[in-house]
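**Q** Using the sequences provided together with the hints, build the complete structure.
Here the protein sequences line up with chains A and B, keeping their order. Just so we're aligned, residue 120 is where the first sequence starts under our numbering, counting upward by one. Just so we're aligned, residue 2 is where the second sequence starts under our numbering, counting upward by one.
Incorrect hints may have been included.
[Said to hold, decoys possible] Short derived list, chain B residues pointing at chain A, Cβ under 10 Å:
#1 65
#2 67
#3 103
#4 145
#5 149
#6 153
#7 154
#8 155
#9 157
#10 161
#11 163
#12 252
[Said to hold, decoys possible] Part of the chain B face toward chain A, derived, beta carbon under 7 Å:
#13 160
#14 162
#15 164
[As the list claims (entries may be wrong)] Chain A regions said to be covered by chain B (calculated; three or more residues, Cβ under 8 Å):
#16 177 to 191
#17 207 to 214
#18 235 to 249
#19 276 to 286
Derived from the structure by calculation, the hints contain no laboratory data. Note that beta-carbon positions come from the ideal geometry of N, C-alpha and C, so glycine has one too.
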Amino acid sequence: MSTHAETIARPPVIEMFDCAVASTRAPGFAVLPEVNWRVSLDDYWVIGGPTGSGKSDLLATAAGLQRPLRGTHRLFDRELAGLHESEQLRERLRVGMVFEDGARPFPQLTVEENVALPLRYHRDSDDAAIGQRVAELLDAIGLAAFASVGPTALPRAFAPRVGLARALALGPEVLLLDNPLAGLDPRQERWWLDFAASLAEGHPLMKRRKMTLVVACDDPRPWLDRGRQFALLKENQFLPLGGRADLERCNEPLLRDLIAAKSP
Amino acid sequence: MERTSASAPRFPNGRARPKATLARVFLNFAGYRVIEWMDRMRELVAFLLIALGVTFTRFNTAPRVTRPLIRAHIYRAGVRLLPMIAFLGCAIGLIIIGQTVSLLTRVGAHTFIGTLMVTVVIRELGPLLTAVVVLARVGAAAVVELGTSRAQGEVEALEALGIDPIHYLVVPRMWGLAVSVFSLTIYFVLIALLSGYLFAFLQDVPMQPSEYFHQLATALRWEDFAMLTLKSATFGIIIAVVCCYEGLAKPLRIEEVPDATTRAVVSSVVACVLVDALFIVAYLLI
Numbered sequence: 120m121s122t123h124a125e126t127i128a129r130p131p132v133i134e135m136f137d138c139a140v141a142s143t144r145a146p147g148f149a150v151l152p153e154v155n156w157r158v159s160l161d162d163y164w165v166i167g168g169p170t171g172s173g174k175s176d177l178l179a180t181a182a183g184l185q186r187p188l189r190g191t192h193r194l195f196d197r198e199l200a201g202l203h204e205s206e207q208l209r210e211r212l213r214v215g216m217v218f219e220d221g222a223r224p225f226p227q228l229t230v231e232e233n234v235a236l237p238l239r240y241h242r243d244s245d246d247a248a249i250g251q252r253v254a255e256l257l258d259a260i261g262l263a264a265f266a267s268v269g270p271t272a273l274p275r276a277f278a279p280r281v282g283l284a285r286a287l288a289l290g291p292e293v294l295l296l297d298n299p300l301a302g303l304d305p306r307q308e309r310w311w312l313d314f315a316a317s318l319a320e321g322h323p324l325m326k327r328r329k330m331t332l333v334v335a336c337d338d339p340r341p342w343l344d345r346g347r348q349f350a351l352l353k354e355n356q357f358l359p360l361g362g363r364a365d366l367e368r369c370n371e372p373l374l375r376d377l378i379a380a381k382s383p
Numbered sequence: 002m003e004r005t006s007a008s009a010p011r012f013p014n015g016r017a018r019p020k021a022t023l024a025r026v027f028l029n030f031a032g033y034r035v036i037e038w039m040d041r042m043r044e045l046v047a048f049l050l051i052a053l054g055v056t057f058t059r060f061n062t063a064p065r066v067t068r069p070l071i072r073a074h075i076y077r078a079g080v081r082l083l084p085m086i087a088f089l090g091c092a093i094g095l096i097i098i099g100q101t102v103s104l105l106t107r108v109g110a111h112t113f114i115g116t117l118m119v120t121v122v123i124r125e126l127g128p129l130l131t132a133v134v135v136l137a138r139v140g141a142a143a144v145v146e147l148g149t150s151r152a153q154g155e156v157e158a159l160e161a162l163g164i165d166p167i168h169y170l171v172v173p174r175m176w177g178l179a180v181s182v183f184s185l186t187i188y189f190v191l192i193a194l195l196s197g198y199l200f201a202f203l204q205d206v207p208m209q210p211s212e213y214f215h216q217l218a219t220a221l222r223w224e225d226f227a228m229l230t231l232k233s234a235t236f237g238i239i240i241a242v243v244c245c246y247e248g249l250a251k252p253l254r255i256e257e258v259p260d261a262t263t264r265a266v267v268s269s270v271v272a273c274v275l276v277d278a279l280f281i282v283a284y285l286l287i
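**A** Here it is as structure tokens:
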């Protein structure tokens, strides 16, 4: 792996050793029985896999939302299983997660309240400060005009952006994106790719700090020239492919299949 | 579990069943139901204890999020139900109490009116009817709301934001409903007693208002106030806990939400009646 030498130098943010990732649909069943994965600071991972290969379960486990059935899971060099609940929460909040299928905004709250909820819950700052931060976030994702409507009243393509802003509200260092481009038109797709790139480069919203990104997708094509590390989920296995240069030499049939799947 | 027991004669724990005779089949069936029922009870009680625990351990966590939520639930389950409770109180007053009063007067037993009203309206009918109304209007809606958000993964989204779903979804509902059922019960009782007298008055029952209220006042004991408070608040907590349990506690698919709602309504009514029975025992012991 060409990136191997440099990943050693950077501190790890997510590590999974010999992890069995449980399936949310059938708890107790290991959808990925053996994952060895290390995400280092400033990485930009793209994980491809066909539908039902366990991408969402892998991300949920990596974010600490779901316990692995077996093995070690560390966030920022601290093993989650051994931590007290409040400590665990602190580490977990450094990882943001954007869910698939519209990013699951809360339909009872307005767009503004959705984004403000984590700030209100975790921060002691006054309403004015929270309001300002929410306005910044909504400006950045281009939903300022929709602040006071419910997420179900939004155009469908905009709903996932609410989830994105909500995940960024607490200023996480790592962002996990679960199939963010599914069902979007090319223009929306470009917005997401560019926004992810600006986050990876250091967005003003995040105080220009570079973010570590992990993207799971069933169509890796748009991400091929964006990501820096690549992996595949194939037949219940986690297959790291290496960097962009390794990708060209890679003759993994599943990768060819995923890339060819939709091309003309 | 049920699938395995249907395909082969096995116990839920996997052990082979002995050959079935009619008596044994019935016993097995009944026993299985009892065990299932007790399991559910255990889980419900555990859920209640967790919610109570979270109330205290996170009492000072995010008050700016949870306190407005409690207010919102009091408004939804209490204030907005007031007209309905007033209507029902009036109706019960006219139908039951008015008739009872005039009947008792006719047979010359009007000295018992106070005791009767206190027992029937204040102790039993008030809390139970209010609880059923709140369950029908708010509890069932809560199961649908929570079940849908569970099915759509919003609970995981809350967890991803570091928000405890019990603290955010269950605890405000629990205390909101406790306060609502308690307050609505008071209104129900007052309205029912007043409209009951009104009906009796319209029927020319020879009874002064002062006598009616004097009888009520002498029949009331301090336990009645304590028990009414405790009982109505408990009913509120039971409804909230059962409805939240059905909606949230287990992974749910969207097509299972109607079933969960039905289950929640049935279990809430049964649980309220069972607790009511416990309160009767408490009354007898005092």
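**Q** Give a verdict on every hint.
**A** For each hint, the structure was consulted:
1. This hint holds: residue 65 of chain B has a C-beta 6 Å from the nearest C-beta of chain A, less than the 10 Å allowed.
2. Given the 10 Å rule on beta carbons, the hint for residue 67 of chain B holds: about 9 Å separates it from the nearest Cβ of chain A.
3. Given hint, residue 103 of chain B at the interface with chain A, is violated; its Cβ is 49 Å from that chain's nearest Cβ, farther than 10 Å.
4. Because the closest C-beta pair between residue 145 of chain B and chain A is about 12 Å apart, greater than 10 Å, the hint is violated.
5. With a cut of 10 Å, the hint placing residue 149 of chain B at the interface with chain A holds, because the nearest CB-to-CB distance is about 9 Å.
6. About 6 Å separates the beta-carbon of residue 153 of chain B from the nearest beta-carbon of chain A, less than 10 Å, and the hint is met.
7. With a least beta-carbon distance of about 5 Å to chain A, the hint placing residue 154 of chain B at the interface is held under the 10 Å criterion.
8. At about 5 Å, the closest approach between the beta carbon of residue 155 of chain B and any beta carbon in chain A falls short of 10 Å, and the interface hint on this residue holds.
9. With 10 Å as the threshold, the beta carbon of residue 157 of chain B comes within range of chain A, its nearest partner Cβ sitting at about 6 Å, so the hint holds.
10. With a cut of 10 Å, the hint placing residue 161 of chain B at the interface with chain A holds, because the nearest CB-to-CB distance is about 4 Å.
11. With a cut of 10 Å, the hint placing residue 163 of chain B at the interface with chain A holds, because the nearest CB-to-CB distance is about 5 Å.
12. Against a cut-off of 10 Å between C-beta atoms, the interface hint on residue 252 of chain B holds, since the closest Cβ of chain A lies about 7 Å away.
13. Because the beta carbon of residue 160 of chain B sits about 5 Å from the nearest beta carbon in chain A, less than 7 Å, this interface hint is met.
14. For residue 162 of chain B, the interface hint holds, the least distance from its beta-carbon to any beta-carbon of chain A being 4 Å, beneath 7 Å.
15. For the restraint placing residue 164 of chain B at the interface with chain A, the shortest Cβ-Cβ distance is roughly 5 Å, inside the 7 Å limit, so the hint holds.
16. Figure legend: the stretch 177 to 191 of chain A, annotated as covered by chain B; annotation consistent (3 residues with Cβ-Cβ distances under 8 Å, at least 3 required).
17. With 3 residues having a beta carbon nearer than 8 Å to a beta carbon of chain B, the stretch 207 to 214 of chain A meets the requirement of three or more and the stated coverage holds.
18. Residues of the stretch 235 to 249 of chain A lying with their CB closer than 8 Å to a CB of chain B number 5, which satisfies the three-residue condition for coverage.
19. With a threshold of 8 Å between beta carbons, the proposed coverage of the stretch 276 to 286 of chain A by chain B holds, since 3 of its residues qualify and at least three are required.
This entry does not satisfy hints 3, 4, going by the numbered hints stated previously.
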